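*Asks:* Go ahead and model the full structure; you've got the sequences and the hints to work with.
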Amino acid sequence: MLFFSTTCKGNRASFTKMVLMMSELTEENPGKQILLLGNEAITRGALEAGIDVATTYPGTPSSEIADTFSAIAREATRQNKDPGFYFQYSVNEKVALEVAAAASFCGLRALTCMKHVGLNVAADTFMTYMYVGCRGGHVIVSADDPYCHSSQNEQDNRYYALFGGAPMLEPTTPQEAKEMTRLGFEISEQLSLPLLLRTTTRLNHARGPITLQKLQPPRKKGYFKKDPLLVTVPATARAKHPMLLKHLEEAEKLSEKSPFNEVITIGKPQDVGIVTSGVSFTYVKEMAEELHLNVKILKLGMTHPIPRAMCEKFITSCSSLLMVEELEPFLENQFKQLAFDIGADVKIYGKSSGHFSRLYEYTPDIVAEAFSTIFKVKNPFPAPVQSTLKAPRRPPSLCAGCPHRATYYAVKKAASKDTIYPTDIGCYTLGKEPPIEVADVLLCMGSNAGMACGFSIATDQKIVSFMGDSTFFHAGIPPVINAVHHHHDVVITILDNRTTAMTGHQPHPGTPTDGMGKPAKLIKVEDVVKGCGIEHIEIVNPNNIKETTAGFKRALDFKGPAVVVSKSPCILLEVQRKRKAKEDIQVYQINQETCKRCKTCIGKFGCTAFYFAEDGSVHIDPAQCNGCGNCVQVCPFGAIAAEESP
Amino acid sequence: MKNKTSIVLTGVGGQGVITAANLLGKAAVNAKVGVFVSEIHGMAQRGGAVVCTVRMGDVSSPLMPSGTADVLLSMEPVEALRHICYVNKKTIIITDKNPIIPFTVAVGGEQYPKVEDIFKELSSHAKLHPLDALHIAKDAGAIITKNTVMLGALAASGILPFNPEVLLETILDDVPEKYREINKKAFEGGMKAIKKVIRTH
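Chains as they are written, first to last, in this note's numbering: chain A, 1 to 646; chain B, 1 to 201.
Just so you know, the hints here were simulated from the structure itself, not pulled from any lab data. The structure displayed is predicted, hence computed values, not measured ones. A virtual CB, placed ideally from N, CA and C, is assigned to each residue, including glycine. Any given hint might turn out to be false.
[Said to hold, decoys possible] List time: in silico DSSO-like cross-link candidates among lysine-lysine, alpha-carbon distance up to 27 Å: (1) A:Lys376 / B:Lys4; (2) A:Lys390 / B:Lys90; (3) A:Lys599 / B:Lys114; (4) A:Lys546 / A:Lys596; (5) A:Lys390 / B:Lys4; (6) A:Lys530 / A:Lys412; (7) B:Lys4 / A:Lys32; (8) A:Lys268 / B:Lys4; (9) A:Lys578 / A:Lys521; (10) A:Lys580 / B:Lys90; (11) A:Lys580 / B:Lys178; (12) A:Lys378 / B:Lys4; (13) B:Lys89 / A:Lys378; (14) B:Lys4 / A:Lys296; (15) A:Lys580 / B:Lys138; (16) B:Lys184 / A:Lys580.
[Said to hold, decoys possible] Far from chain A, some chain B residues (derived; all Cβ distances over 12 Å): (17) Asp58; (18) Lys114; (19) Asp117; (20) Lys120; (21) Ser124; (22) Gly158; (23) Pro161; (24) Glu165; (25) Glu169; (26) Arg180; (27) Ile182; (28) Lys195.
*Replies:* So, in structure tokens, the structure goes:
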């Protein structure tokens, strides 16, 4: 978090500097060391490069990059000042990339950050953007998520650099993330190509010391100079593709000279080499030292294009090479190709030799084990201790008082047992867990409603799909239009909690302020749905379970596409609001004499504030209860009531 | 493992595990000691298990090999058990003794072991120092200072490559003025509790 204390007065020219002095992350202080999260370091790097425009759609593990821009901008707005840059939570990643690309076309420096799957959404823009090229430096941050800590897949976005033709940097530490962002703008401008900064969770969410550098002043306003080559009609595209390849040749020359590509020696190496990139480097370096290896490490920071001459030289100096990179054999396959091309006599170990996996995150253990096998040295680390006791699982779950739980409870009362529940990306995906289990299939942002359309033609089962309000604006509107136009018999639910909850409560088009804390036009979900041509719309308050159930029943009875908008703010924001306003949070309790232990509250409603005592009696943990009171409606015996004030 | 200090911090989402890890990292920077911190965000919150690692000294990686933690600092008994893979016989386990029963016990038919059995298991693998951090935090003035109590206990273990005062100063610098006094009390309470436990061993 940022803490602002200084109040500023002064003209705009010097203002940027002053706003930026208000927190540790934004102070000038060249040479000072501070601890930053990888994501915060990226934002700092952009400030040191004089960022003009930053855009995003939030997504873990990328969110804190944009949230940091937003925090700075909101504080400036609060003080009626100009933060020096423009920031936007765009409606989705594609729009975010386009907003920033336009800024770049006017000569401004732009940054767009997103999670790995966000780049799929922006891919259409991304691919042709490389043909057109940029003017002001543009850094596109992709936050990949090996092990799917908070994602639906673990795709390796380095292939986007190869696919589209973007120069790419891969940082290993927060300090390097800051430097690569700062210098990324220069590289991008030098090559007239947007640059991909490819990060992974273990970098985004690692903290490390950062050495601050001078902040550059932003340009503020640019100018769009017209150029027919910006219009990618077929003839232009054909002219532009060879120009992209030319830019990539230039990029390779930069890669050969890049300080981010270097050879590091451990012990007294002879002809054994390791090639690595990203956070894997940190495990390689430490484990090579711990296992007393004699190796040289080619650490690649600029991984597209790879510095071919440097790599060839490294290959020919080795009799065996070990490739250590998380996920896909991106470098491994390129090195094999190089070795083949130059006819090198080298044995290449890595994924294809079975020493490393294409799955999940790497760890020091995985690297030490592979070193031990390949280099025939003892692994000094003991096998991990196993517990004879089993720890109960503690998965994330819908919060106590979450309005989604009430919506789900009502749906299950209204719908037949074999109803299909396509779901979507957000907190509400947690409805998959027992006892709620209202989540049957999930692909990506907005997929709930598209699949609902398909199910309606493929089966006679009823369909009720779910998406959040932010997801609706992001990718949920086209499938609603599709349902209307083709008259699909579906119920599409929009869980309207007025925030992007899962990623940290960012604003979206349905909120009255924007990411800079300025008033913004609030767009109502129901107005959009009506405009799309939906004729049956139910607007319900999920905290009234009876009415919500009736609303779903009517929607299910309607022949054709129906929409239920379930409106209730995220309970975490509600609790926050009450605390600020010094309102009491009414806690509920169970009358043990009236309670028949039917377990409806736990076994069907599934509120996480409920628990069994050792004697089997049911209780509500007052520390967890957020006071929604929905359990009162759920209990068939009227045993739950508000706790009397002492 | 020379000149390296590896700490695992665990607990439940909302207990201040990430804040505690961040403060340790800041203290290391203030003490001019090399440091990397790793944490888990996003879907991992919402009441789920949380684990952070803090590595200090001559380190390159934010993660450590299993069996190499110097300290396992846990805000909840079962979370210490869940991360037992990090310990060896010399590891100090400092854990709060107050369980938070996961919802899977009520709904999923899972079992929460008896706290005394958890402690027996933990002490068979490492040096266990349980404490009632919740109680100490309450005495200091606010339950939310439990993570400060735990940091006080960690500082008293003598494992940190800097003085306890550096950590305390870092914490006090970070909290708003009006919470400084209770955080100081909480930190000192945690220190005292561990010193007492270590003496009786």
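*Asks:* Evaluate each hint against the coordinates.
*Replies:* Each hint tested on the structure:
Pair hint Lys376 of chain A plus Lys4 of chain B holds up; C-alpha atoms about 25 Å apart against a cutoff of 27 Å. Of the supplied pair hints, the one linking Lys390 of chain A and Lys90 of chain B holds, its CA atoms being roughly 23 Å apart against a limit of 27 Å. Only pairs whose Cα atoms come within 27 Å are accepted, and Lys599 of chain A paired with Lys114 of chain B is accepted, the gap being roughly 24 Å. Between the alpha carbons of Lys546 of chain A and Lys596 of chain A the distance comes to roughly 22 Å, so the proposed pair stays at or under 27 Å and holds.
Distance hint between Lys390 of chain A and Lys4 of chain B is unfulfilled; the C-alpha atoms sit about 31 Å from each other, more than 27 Å. At most 27 Å may separate the alpha-carbon atoms for a hinted pair to count; Lys530 of chain A and Lys412 of chain A meet this at roughly 26 Å. This hinted pair checks out: Lys4 of chain B and Lys32 of chain A have alpha carbons roughly 24 Å apart, not beyond 27 Å. This hinted pair checks out: Lys268 of chain A and Lys4 of chain B have alpha carbons roughly 23 Å apart, not beyond 27 Å.
Note on Lys578 of chain A and Lys521 of chain A: the hinted pairing holds, with a Cα-Cα distance of about 25 Å set against a maximum of 27 Å. Restraint check for Lys580 of chain A and Lys90 of chain B: the C-alpha separation of about 46 Å exceeds 27 Å, so the hint is violated. A hinted pair counts as satisfied when its Cα atoms are at most 27 Å apart, and Lys580 of chain A with Lys178 of chain B qualifies at roughly 17 Å. Between Lys378 of chain A and Lys4 of chain B the alpha-carbon distance is near 21 Å, which keeps this suggested pair within the 27 Å criterion.
Taking the CA atoms of Lys89 of chain B and Lys378 of chain A, the gap is about 20 Å. The hint holds against a cut of 27 Å. Of the supplied pair hints, the one linking Lys4 of chain B and Lys296 of chain A holds, its CA atoms being roughly 23 Å apart against a limit of 27 Å. Between Lys580 of chain A and Lys138 of chain B, the direct Cα distance comes to roughly 22 Å. Compliance with the 27 Å bound is thereby established for this hinted pair. Straight-line distance between C-alpha atoms of Lys184 of chain B and Lys580 of chain A comes to about 25 Å, which keeps the hinted pair within the 27 Å bound.
The Cβ of Asp58 of chain B sits about 9 Å from the closest Cβ of chain A, inside the 12 Å cut-off, so the non-interface label is violated. The Cβ of Lys114 of chain B does not lie farther than 12 Å from every Cβ of chain A; its closest approach is about 9 Å, which violates its non-interface assignment. Distance check for Asp117 of chain B against chain A: the nearest CB is about 6 Å away, which does not clear 12 Å, and the non-interface claim fails. A Cβ of chain A approaches the Cβ of Lys120 of chain B within 12 Å, the least distance being about 9 Å, so the stated non-interface status is violated.
A cut-off of 12 Å between C-beta atoms contradicts the statement that Ser124 of chain B is not in contact with chain A; the least separation is 8 Å. With a minimum CB-CB distance of about 23 Å to chain A, Gly158 of chain B clears the 12 Å threshold, and the non-interface call stands. With a least beta-carbon separation of about 14 Å from chain A, Pro161 of chain B lies farther than 12 Å from that chain, consistent with its non-interface assignment. A cut-off of 12 Å between C-beta atoms confirms that Glu165 of chain B is not in contact with chain A; the least separation is 18 Å.
Residue-level check passed: Glu169 of chain B sits 15 Å from the nearest beta carbon of chain A, beyond 12 Å. Look at Arg180 of chain B: its CB is around 14 Å from the nearest CB on chain A, clear of 12 Å, so calling it non-interface holds up. The non-interface label for Ile182 of chain B is consistent with chain A: the shortest C-beta to C-beta separation is roughly 18 Å, beyond 12 Å. Separation of Lys195 of chain B from chain A is adequate, the least Cβ-Cβ distance of about 27 Å exceeding the 12 Å criterion.
The earlier numbered hints that this structure contradicts are 5, 10, 17, 18, 19, 20, 21.
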